[in-house]
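Chains as they are written, first to last, in the numbering used here: chain A, 285 to 396; chain B, 285 to 396.
Honestly, the hints are just simulated from the structure, not real lab data. Remember, it's a predicted structure, so these values are computed and weren't measured experimentally. Some hints could be false.
One copy or any two copies: either way a pair holds, since identical chains are not told apart in the list.
As the list claims (entries may be wrong) - In silico PhoX-like links for lysine-lysine, alpha-carbon gap of 25 Å or less:
no., residue 1, residue 2
1, Lys346, Lys333
2, Lys377, Lys335
3, Lys333, Lys301
4, Lys377, Lys309
5, Lys333, Lys377
6, Lys309, Lys388
7, Lys306, Lys346
8, Lys366, Lys333
9, Lys309, Lys366
10, Lys388, Lys301
11, Lys377, Lys306
12, Lys346, Lys335
13, Lys306, Lys366
14, Lys346, Lys366
15, Lys377, Lys388
Here are the chains, one letter per residue:
Protein chains: 2
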Amino acid sequence: MSDTIPSCEACRPDAEKVDPAKLEKYLSQVPEWRLEERNGVQMISRDYKFKNFALALEFTNKVGAIAEEINHHPELVTEWGKVRVTWWSHTIKGLHELDFAMAKRCEAVFNA
Amino acid sequence: MSDTIPSCEACRPDAEKVDPAKLEKYLSQVPEWRLEERNGVQMISRDYKFKNFALALEFTNKVGAIAEEINHHPELVTEWGKVRVTWWSHTIKGLHELDFAMAKRCEAVFNA
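Based on the sequences and whatever the hints tell you, model everything.
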């Protein structure tokens with residue numbers, strides 16, 4: 285068995301950005317997530333609310349664990365009672381379908 | 285023994301903001317930290333760099349632990365290879381001397 289870290293499909297230089305029609309469809313599947321743009325790069329993000337800092341940090345760690353599993357990493361903003369998760373694909377400077385799959389996994393982790 | 289969560293001295297409504305003279309002195313003691321302002325609220329922040337996501341998240345957890353200990357919480361932005369720590373005192377909408385003490389503790393954690 286190889287012990288190489290699996291490469292993330294969304295992080296390949298030839299990975300395809302989600303096209304506008306699919307973007308709309310995918311966004312409708314994660315209604316709590318909003319589309320944003322930073323320096324021309326499209327991203328999706330959601331704020332998750334918690335009762336205290338410890339629960340927020342626990343969620344950050346859970347999302348960190350799925351990120352490590354897939355080797356695709358979000359930005360995680362942890363504060364007292366809140367975690368903002370933002371997904372995008374650095375290499376293609378935009379959104380890959382994996383970003384939406386990861387958003388769905390975040391929903392599953394939060395609702396578990 | 286009381287099991288009440290200790291209140292953070294910087295989070296009392298009558299806590300004092302650091303005055304401009306002290307601000308300059310305190311900033312010089314944490315030269316890696318920069319002063320910033322969001323919506324009129326002064327904050328201090330530093331980007332810490334790491335070799336991967338796991339090490340970044342580990343640092344986030346270490347800073348989270350000292351935050352819980354003091355019951356004063358920063359904003360922690362965790363990404364692949366980077367953690368941005370930002371301290372300020374929400375209640376007084378600015379910087380308390382405790383924010384600088386916490387910045388120093390972050391330095392100690394990072395350099396340990």
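Need the list of violated hint numbers for this structure, in ascending order. 3, 7, 9, 13
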